[in-house]
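Spelled out, the chains give:
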Amino acid sequence: MAAAERGAHAGARLTDARALDPALVAVAADVEGDAALVRRLAQWAARWSPLVEVDGADGLRLDVTGVEHLFGGERGLVRDVRQRFTKMGLTVRLAIAPTAAAAWALARFRKTLTPTLSRTREREGPAAKPWEGEGFSAQLSPLPVTALRLDPDTVRTLERLGLKTIGALMDVPRLALARRFRGAEDVVDALDRALGRKPEPLTAAPADPPPRAARRLEEPATHPEAASQALERLIPALVKELQQRHLGARRLSLTGFRVDGSVGVASVATSIPSREPKHLQRLLADKAAMLDPEFGFDAFALTADWTEALDAAQDSLVEEPSGERELARLVDRLTVKLGPRAVRRPQPLESHLPERASGWGAAVLNPSPLGEGGSSRRLRKGEADSRLSLAHPPTASRRAPPCPARGEGLLHRPQRLLDRAEAIDVIYATPEGMPRRFVWRRAVHDIARVEGPERIAPEWWRQPSSARLRDYYRVEDAEGRRFWIYREGLIGDGRGGLPAWFIHGLFG
Amino acid sequence: MAGGLSLVAGDGSRAAKQHQLPSGLGERWQLPAPPSPTLAELFAAHPRDGGWAGFLLAQVEAGKPLLWVQERMAILESGRVHPPGLPHQDLIHIEARDARDALWAMEEGLRCSALSAVIGEIWGDPKVLDFTATRRLAVASERSGVAAFLIRLGGHANLSGARMRWRVASAPSLVNDLDPRAPGLPACDAELFRARGMPPGRWSVAHEAGAFHLAAAPGGRALGEDRRLSA
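Residue numbers (my numbering), protein chains in the order written: chain A, 1 to 508; chain B, 509 to 739.
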């Protein structure tokens, strides 16, 4: 920045720049890395608009027609974009304008920080009138002629002719300009594009389409096995495409298009990326058989909505069941039939509260125990939507807590925990002393031995201030059954009346 | 229950080591176990008695993950599995809506040889749990070499294809050296009332602190003797 103030500019020689400012630091330019970054940002910018184009080496062009209301108007959109880029550590210059060329010009050459133009142009048909609202031309006029993206020779010529700003250019009669600048130096064309007299459509960066295998039927199929048969034929084609692109599918959906315009979808998810035809077939077979043909299926498409990179080495022709993959396949089969919430693994959370300590998480999303595999995967999505960080929510507290030692006298935890602690009636000698007898579900238990109390205080950072502490007791009744009960609160702790007793777990 | 205990380590389906306490008997004790992994059925004496869990976990080998299937009624009545209380936390837990889903999940799990054991808890006597179903589980378990344990909470013992059938109840625990008022080593009464290839019997066993080991008290049958007799 300081060097720029002293006169160094882009394109100057390093020695000259150093002469102007000796403290200049030279960093090698990584052109390819920058280009890759811009392409990735273009994919990410799809969160604001479906049409994104990479513009030059360091620019993105988004068509936001009709999209502003989703972000609270144009100002909201600008603020959102600026905030998100700044959060990533990139400085960004933004402008919204009715035409792409005008936006480019304003973003790069506008010195003042006026907010965006307040009018948008509605997208009309090809016979749209050129937009000549108030303020638009006025905003463009003071910009220099280079803002029109003409090549440097043309710009030099224009400057020599005394036409230094766009405003000056607009005053010159069109015929004169057209006669003088023709072909590659078409100034009139650039001016028209900037002012909206000529349309300039965006070519969106080609997003990789998700791997897909489709099939159209000659006649609509109304028999119930239509979907299953289609699935059998589509899976080999999809697997071949996945192999070519070195991808493995994590979510598959079979879409059946019916003759009356409706669509039936069956989808499954897997815990590790897979492109094994038998496994995928087995997962989808049941759900495909349940698709209702109604008036008949016309076409089918099998799409891998969510894919991840899968090397060839992990997928061998010979079926050697490696432990991890077999386990993942088991989890897939169970999840497909029973639902992701029924199949879970413990994800230990650092929490003293026993009901939070096990931290159950769906096994499909966390293939390995203790949540190691889930959070650090590279994602490649076929569709551009903003689900980037939804599936793997790594939280800071997902670390195994200090394992309570199961030795004598140290922290004991029960083998079974009731989902909801149940209230029990307890008879005790002193309110803060050991319990003597309790009644649970209409059965009386005489307490023969007791150990405790173990005090677990409420997590003040999470729970309201009226939460009470718990004193846990490990009790054994006369017959030898062992329970984990607690008293909630103390007399006189100011958060409630008499403390209540609950049973929380059973020991084995 | 004080004197005369021999400690037996139950690691996997076969006993490994044997220790002797100073006041011990000199016999070699071994947990009755089938030669290869198969289906064992455990009846809990009372649905709200959790003592069978300790007895069971001693027979499961650590190292590979565990599949634990619980029927919804079983969770409501006697609680959900709590991983911090288990010796190894690597498990996949399944909450099945009914007995049919639970049995299906158990069978699917038995096909995966990467598991150490499949444990399934069924509540009551559902119609779908008949001789055929248990026989299928037994055959699947023997084919893949994954031990299967079917826990019956509040159920009655009728015809079943399980190779070993136990009835487990909690027993008063041993004396705690550090604090006489506190519960000591947990103990349970295990009765093997039907088994293929070995005579039934009844044992009082206790867990050792730190790991799930089994101890047998005097008065229970000497296991070494049985095996000698049957062989």
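FYI, nobody ran anything at the bench for these hints, they're computed from the structure.
Cβ coordinates follow ideal geometry from the N, Cα and C atoms, glycine included.
Keep in mind that a hint or two might mislead.
Claimed, not checked - DEER-style ranges, computed between Cβ atoms:
(1) B/707 with A/495: 57 to 65 Å
(2) A/443 with B/709: 28 to 36 Å
(3) A/296 with B/704: 49 to 57 Å
(4) B/572 with A/356: 45 to 53 Å
(5) A/245 with B/584: 19 to 27 Å
(6) A/25 with B/570: 52 to 60 Å
(7) A/465 with B/544: 44 to 52 Å
(8) B/580 with A/232: 31 to 39 Å
(9) B/644 with A/265: 29 to 37 Å
(10) A/265 with B/704: 48 to 56 Å
(11) B/570 with A/491: 38 to 46 Å
Said to hold, decoys possible - Derived list of chain B stretches under chain A, where covered just means 3 residues or more per stretch with a C-beta under 8 Å from a C-beta of chain A:
(12) 610-624
(13) 636-643
Verification of the hints:
1. The beta-carbon spacing between residue 707 of chain B and residue 495 of chain A, approximately 60 Å, falls within the hinted interval of 57 to 65 Å.
2. For the pair residue 443 of chain A and residue 709 of chain B, the supplied restraint of 28 to 36 Å holds, since their beta-carbon distance comes to about 30 Å.
3. With their beta carbons about 56 Å apart, residue 296 of chain A and residue 704 of chain B fall inside the hinted range of 49 to 57 Å.
4. Here the CB-CB span from residue 572 of chain B to residue 356 of chain A is close to 27 Å, at odds with the stated 45 to 53 Å.
5. Between residue 245 of chain A and residue 584 of chain B the beta carbons are some 47 Å apart, a value that contradicts the proposed interval 19 to 27 Å.
6. At about 57 Å, the CB distance of residue 25 of chain A to residue 570 of chain B agrees with the hint of 52 to 60 Å.
7. For residue 465 of chain A and residue 544 of chain B, the Cβ-Cβ distance of about 58 Å falls outside the hinted range of 44 to 52 Å, so the restraint is violated.
8. Distance hint check: the CB atoms of residue 580 of chain B and residue 232 of chain A are about 35 Å apart, consistent with the given range 31 to 39 Å.
9. Between residue 644 of chain B and residue 265 of chain A, the C-beta spacing of about 34 Å keeps the proposed range 29 to 37 Å intact.
10. Checked against the hint of 48 to 56 Å, the C-beta distance between residue 265 of chain A and residue 704 of chain B comes to roughly 50 Å, which is consistent with it.
11. A hinted range of 38 to 46 Å holds for the C-beta pair residue 570 of chain B and residue 491 of chain A, which are about 44 Å apart.
12. As drawn, the segment 610-624 of chain B meets chain A at 9 residues by the rule of a beta-carbon pair under 8 Å; at three or more, the given contact holds.
13. Counting residues of the segment 636-643 of chain B whose beta carbon lies closer than 8 Å to any beta carbon of chain A gives 0, which falls below the threshold of three, so the coverage claim is violated.
In terms of the numbered hints stated before, the structure departs from hints 4, 5, 7, 13, listed from lowest to highest.
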